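So the sequences go chain by chain: A and B.
Heads up, the first sequence is in our numbering, so the first residue is 3 and it goes up one at a time.
Heads up, the second sequence is in our numbering, so the first residue is 38 and it goes up one at a time.
Derived from the structure by calculation, the hints contain no laboratory data.
Possibly wrong hints are sitting among the right ones.
Stated by the list, open to error - Below are the SDA-like pairs computed for lysine to any residue, each with C-alpha atoms no more than 20 angstroms apart in a straight line:
id	chain 1	residue 1	chain 2	residue 2
1	B	K220	A	A75
2	B	K79	B	Q180
3	A	K187	B	L330
4	B	K220	A	E250
5	A	K324	B	R224
6	A	K187	B	Q180
7	A	K156	B	K79
8	B	K220	A	G243
9	B	K220	A	T318
10	A	K62	A	R138
11	A	K324	B	K220
12	A	K324	B	H216
13	A	K156	B	R117
14	B	K217	A	A239
15	A	K324	B	L112
16	A	K187	A	H200
17	B	K220	A	T147
18	A	K202	B	L239
19	B	K79	A	T325
20	B	K217	A	E250
21	B	K79	B	L53
22	A	K187	A	A75
23	B	K79	A	W326
24	B	K217	A	H200
25	A	K324	B	R209
26	B	K220	A	R323
Computed from a predicted structure; not experimentally measured.
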Amino acid sequence: MELICPAGTPAALRVAVEAGADAVYCGFRDETNARNFPGLNFSRDELRTAIRFAHERDVKVLVAINTFPRAGALSLWHEAVNHAVEAEADALILADIGLLDYACRRYPEQRLHVSVQAAAANPDAIRFYTEMFGVRRVVLPRVLTVQEIAAITKETACETEVFVFGGLCVMAEGRCSLSSYVTGKSPNMQGVCSPASHVKYEARNGRIVSRLGDFTINAFEKDEPAGYPTLCKGRFATEHGTGYIFEEPVSLDAAAILPSLRDAGVTALKIEGRQRSRAYIEGVVRSFRAALEALDAGMPVETAALARMTEGQASTVGAYRKTWR
Amino acid sequence: MQLTLGPILYNWAPELWRDFYFRIAEEAPVDTVVVGEVVCSKRSPFFAEHLPHVVERLASAGKSVLLGSLILPSLARERRQMAELAQTDGMTVEVNDVTCLAHLQGRAHAIGPFVNVYNEATAAFLVRQGARRICLPPELPLQSIAAIAAAMPDIAIEVFAFGKVPLAISARCYHARIHKLSKDNCRFVCEQDPDGLTVDTLDGESFLSVNGVQTLSHTCANLIANTRELAAAGVGALRLSPQQCDMVAVARTFRDVLDGRCDVGSAIGVLEQLYPQALFADGFIHGVPGHVLAGKGARSAPGPGAGMVDSNGRFGS
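Excised from the complex, chain A in its bound form (with noise of 0.2 angstroms):
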């Protein structure tokens, strides 16, 4: 299974092509990905520089195109996939299907892979896309079970690419529009989820209250580590009771799980975090390559390293697993 690593930054991508990346995904620095996060992302010419290195060392570079462009501003999207095209990206990571459309007609020979923004959870949904813009690979949404991703890899030729490790979303991905319900701002429009810029922390009686926008996500106790204040991810209340509603602050870490994913029939293995430091992105991915390894090998996978690198945070296997529904 191929090890597909985030970088946020061309010192990232370094960090993750030494460390042991197969490939390397990155976006760039506005609006045409899901991750448009400050000081983070590429210009042309770091992009350009970054896949030179990349290829220089037999790594691929995959460019993440995966916002829904905004109506009437179809240009930058274009120019885009244009520039990552041009500067000999491995593949292009796409969710809209306009876009698909354009990539498809215009670069026949590209590349082509279904983010997990478009949510195609299904060997239907996978053939639509393949038959309609000859995409290699989906990346598959974080909703299906092992069970499931066996029977799409056994029922379709398209390559299958699945988050192991990073942060896990509960709903369907690119079919969310909760951040935007409180914010303004979603990922599949402006590539951000309860974006930092709407996050205010605030005490109270002697409480560390989260907000979001307008709303209260979460309330911690003087010990408590106060989280960020993700949406799904907050403590609310219905008449039935108060607590983590729709997640618990989790993140995704499927490591122990590796083995029923190879033999599930998956191509490649994703890690989340374009957002994280390069410290980060080392530990993990260093830690994920002596994994594959090992279970190349036919020896045990060592986990602890990677359940450290979650900060804190508790981890699950998340929808891999039937019960977590």
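Given chain A, put chain B in place with the hints provided.
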């Protein structure tokens, strides 16, 4: 401007479900009605026996009927259902996921609000595949709506104009989770909340609504103050999404405003009375947070250009 009644998103008791549509057929001034379960396939069997009667009643009342497809089909059974749905003779499908498109093979269909149509290029591609109507995603701002409608003059572009806004879909059932049940053994607890289960913040402020695997807004979208802007933007239909209020009266109120029989200010007052627990919002079309009431839809404030209203509530000049 046409009116469309969207699919019932909640788990309503089968007889109430049937009677709701029978009354819509008789009394509601809507042009198109979308029927069928789009949220959770486990609910479909409950009203399956009523579906043919409902479709027939709506069609004989002159409504155009669309069969809504599932938003997130993943099980083999759900995929079979979507393949069958796409082949239903004499019926038009409203596609809520590309799964269904793979089966339609160019047959004429409608695109629902759960397919990501954010721009004119995607709309044009879908039209080439047989789409004849497109209901846009509720989070789109008016500028995007106008740009898409301008590029697609022959296609009915529809906007989500009334109802709690569907915001997210998941493989996980939050109703089951909140009731400490598993999804496979959910006991259909979502039927307890035919208008959604309110989710409050820790401050006690109402925030969202849970409907099984779907999450909706707590606020109720209401674009009745924006119908002129929407018409000017090229929008051809407004979608009213069924809530626990008199939807026939809601449809009449929208029709009255569209036909100039009622001014916006009075219409807002009527809607407030029809759905008193609702907090209206229109933020998405204004490009601000969706929960916000940004436009002229504020309580009792007359809309821009609203004329004088005589003592019968009729629209004057």
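Okay, which hints does this one fail, numbers in order? 1, 2, 7 and 24
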